[in-house]
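In case you want the letters, here they are:
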Amino acid sequence: MEAVLESRRKERLDRGIKVRTDGIYAVSSWREIAYLVLPRLLLIGGLLMMPLLLSQAPYWQRVISIVCIYSLLAISFDFLAHFVGLVSLGGALYIGVGAYIAALLNTHFGLPSWITVPLATILGGGLCTLLLWPCLPLRGVYFAIVSLMFPLLVARIIEALDIFGGTDGVLGVDGFSSKWVEMYVLIAVVLLILFGLRRLVNEDLGLVFRGVKDNDQAVKASGIDVITIKALGVFIASAMGCLGGAMLSHLYMWAGLSQFALDFSIIPIAATVVGGGGTLAGPVIGCLILVPISELLRDFGTLRIAVYALILCGFIVFKSEGLMVYGSRKYQQFERWVQI
Amino acid sequence: MEILIYGIVNSVSLALMALGFTLVYGVSRLPNFAHGSLYVTTGFITWLLLQRLGVPYLVAMLISLVLIGVVGAAMYHFILVRIRGMSISEIIASYAIGLAILEGLRWGGLKGTTHTLPVFANGSVDILGVVVDYHRLLVILLGAILVGLLWVFVNRTRLGLALKGMAQDERAALTLGIDSDRMAVMSMALGGVMAGLAALVLLPLGNIVVEAGYHVLIMAVAVCIVGGLGSWTGAILAAFLIGFAQIFTVAWLGPHFQVVVALLAIILTLISRPSGLFGRQKELEERV
Amino acid sequence: MSPETILKLSGVTKRFGGVQALTEVDVEIHRGDILGVIGPNGSGKTTLVNCITGFVTPDAGQVSFQGRDITGWQPHKIADLGLTRTFQVMRPYYSLPAYKNLIVPLFSRRARRTGGWRGGGRMGDRNTVAVDILEEIGFERDSYVPYKAASSLPTGYLKRLELARCLALRPDLIICDEVFSGLSMSEMASMLPLMEKLRQEGVTLIMVEHRLRELFSLANRVMVLNFGAKVCEGGSEEVMANEEVKRAYFGSEEVFEYV
Chain A
1 MEAVLESRRK ERLDRGIKVR TDGIYAVSSW REIAYLVLPR LLLIGGLLMM PLLLSQAPYW
61 QRVISIVCIY SLLAISFDFL AHFVGLVSLG GALYIGVGAY IAALLNTHFG LPSWITVPLA
121 TILGGGLCTL LLWPCLPLRG VYFAIVSLMF PLLVARIIEA LDIFGGTDGV LGVDGFSSKW
181 VEMYVLIAVV LLILFGLRRL VNEDLGLVFR GVKDNDQAVK ASGIDVITIK ALGVFIASAM
241 GCLGGAMLSH LYMWAGLSQF ALDFSIIPIA ATVVGGGGTL AGPVIGCLIL VPISELLRDF
301 GTLRIAVYAL ILCGFIVFKS EGLMVYGSRK YQQFERWVQI
Chain B
1 MEILIYGIVN SVSLALMALG FTLVYGVSRL PNFAHGSLYV TTGFITWLLL QRLGVPYLVA
61 MLISLVLIGV VGAAMYHFIL VRIRGMSISE IIASYAIGLA ILEGLRWGGL KGTTHTLPVF
121 ANGSVDILGV VVDYHRLLVI LLGAILVGLL WVFVNRTRLG LALKGMAQDE RAALTLGIDS
181 DRMAVMSMAL GGVMAGLAAL VLLPLGNIVV EAGYHVLIMA VAVCIVGGLG SWTGAILAAF
241 LIGFAQIFTV AWLGPHFQVV VALLAIILTL ISRPSGLFGR QKELEERV
Chain C
1 MSPETILKLS GVTKRFGGVQ ALTEVDVEIH RGDILGVIGP NGSGKTTLVN CITGFVTPDA
61 GQVSFQGRDI TGWQPHKIAD LGLTRTFQVM RPYYSLPAYK NLIVPLFSRR ARRTGGWRGG
121 GRMGDRNTVA VDILEEIGFE RDSYVPYKAA SSLPTGYLKR LELARCLALR PDLIICDEVF
181 SGLSMSEMAS MLPLMEKLRQ EGVTLIMVEH RLRELFSLAN RVMVLNFGAK VCEGGSEEVM
241 ANEEVKRAYF GSEEVFEYV
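Residue numbers (our numbering), protein chains in the order written: chain A, 1 to 340; chain B, 1 to 288; chain C, 1 to 259.
Quick caveat, the hints were computed from the structure, so don't treat them as lab data.
With a straight-line Cα cutoff of 25 Å, these simulated BS3-like cross-link-like pairs (lysine-lysine) come out:
| no. | chain 1 | residue 1 | chain 2 | residue 2 |
| --- | --- | --- | --- | --- |
| 1 | C | Lys197 | C | Lys8 |
| 2 | A | Lys330 | A | Lys18 |
| 3 | A | Lys319 | A | Lys10 |
| 4 | A | Lys330 | A | Lys10 |
| 5 | C | Lys77 | A | Lys213 |
| 6 | A | Lys319 | A | Lys330 |
| 7 | C | Lys148 | A | Lys18 |
| 8 | A | Lys319 | A | Lys213 |
| 9 | A | Lys213 | C | Lys148 |
Extracted from the complex, chain A is given alone in its bound form:
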């Protein structure tokens, strides 16, 4: 390849308003407050308004719930990958475990959904953490490969042993009392988790997580057990996924093997890559874009998987920073070309 010498380069400067609002004490005008609050308000308000806006289209209201469930998974993927350093390609494991636990608790013990969902979150998170515990010392690629295999393995075992309804799944799970409850519970949960995690990663514990990701040797030499910290990270992430799975089983009134399927592993990853990894809000934006596309393509069968696999591939190769990082750069910085 021939070297092309650029005679110019792109210079990026923080906008004045960004610099002023970085320190909270400097906020002194409505303009600056708006600068800080508006993007957040846009996301919160937008999500909260969505069910109302779509009240004429019940099919798309269901899509909102699905978007939220995928968002939970995508946030958990982003958290694990970019703040704990574990790339878990098997998000379907969390969804499946959560869905089955909630469904079994509901059908066998008759527990109502407001008990099964929290229980499935905690128990499922614990179960997934236990399953993944032996793999925690593994690095990067190897952890990714094992985590990719886990949902397949669990699904095969359920199929082979013919337990929990075998290939038919668990039928007759209670639905939610109304679709409004279902949607707003999910939206509230997504927003709470999103802003909660964004705060957590900047707390002391969050810094330890990031330490494990950047340099686990130094963390070990600092007297902290890396495995325990990773396990805690996996617990947080898998509990979020299980929460999504539990909601899903009540949503569809069914839990089955397809909840261990590829969709739940791939869409969250694609959403994270498209939305921008390491931002936590990016994955939600990615889901808001990808899941509706996937629904629009539902008539074309498996083409939708091919389409979002291609979108994922395109973003990871050509625009790996993702929309959120791109957007916030535009929002916060000037860019101009400078002659060298």
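Please build the complex by placing chains B and C on the supplied structure of chain A, with the hints as guidance.
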């Protein structure tokens, strides 16, 4: 006796599935998760040429092998080269490509049991009371020949030695004037051809279905991890280990557990001996 | 008063494949010592550090710290006892401000128990404690240096940051893996009193070094490794006078003219 013969057939099949994957990883440290889709694509192209266009079987096989080699090379040259070295991105991107190909094929009509390739030789033979069809025996023979050819290629030809050099130390190979990007393209092409060969040998035993792609990927990964990633002898030994383990479980527990064995093998190996059963110390440090 | 033994190695051996990295290394360190470890490249210095701190498990031999056998313990448990180390290759959390780098060690159980360097057995606000430690180790408190991103700090400060990470645990023994390498003369000149001060405060130091002049001025005992085996051990003059050391390590006598 039945277990022995079918165990050998199964093991050789696994080795065939895994060789392409381990070749690419060994040379360019690229986990090619599109391996299974290359496998299925070869079968599909051959089927198209043979059944739809009426091309003779042998010619159809040759054309599809060349095509799949080009596909593999193009995949590296246009896409994967841009994310070289970021192993997680490599996995995700190659997996996404594979997924797109497989699900695209499924959408394009590759489903059901209508897509089959003819076996190389009809009939069967009775070996010590076990009925084995000729094609399965051919699998063993062809598998052995392919492994032998690959060994000769790597150890006796210029290109093969260059690939081997790169596998051992990429930087040192660079200083010796080996173009590592070109070699990686070559390895991907070769990996594609290996996947294609495996497909041509194995697919006549069943239907060409999309699921085969996922199955081959899982098996290839299982064999390579158990054998120690990038180690060829390890891969072949691991293929026999997993191959026989599968046949035993099928005989005692039922066919459902076949894949469970492979998945368990991956997980247990990574937990107990992260460098694989035949891997070296150095790789262990990379992994844990 | 007979000096108390803080760390004792007996017969520590480690092989990597066909390479004998360490062969039966015996050494004993007393509380308040500064032990220098020198040796040519590849002589097993870093492997020795790894064996002591649990990053590598020795094949044979025993490591005991404060009378407790810690052979084969995991690194974090060893650090929890108060034996910690710096790394030759520093990888601080570059995107974070310098003082935030200390949050990780201050989060550990040992730091919570001891309160960190100078902590009275109680952990205060971690950010304040972190800045206090940095000030003690030479980051000017009222300047912006402790608050700058670690990526923008010069090597001298990064080495101090690495040392500060150890101090946050309030350790009894610190193993410094080449803290002087890559430093300018003036940076080093300001590091020397710091090490001396640590020693006076009762911290035992093991210093693995290439810079002989500085090491000999600091250490009260020096151990020489070659091909994974201990060549000799003793006071600075004793080691410098040792014929075997000269042959094995320096090749000729001239080097000492420089030292």
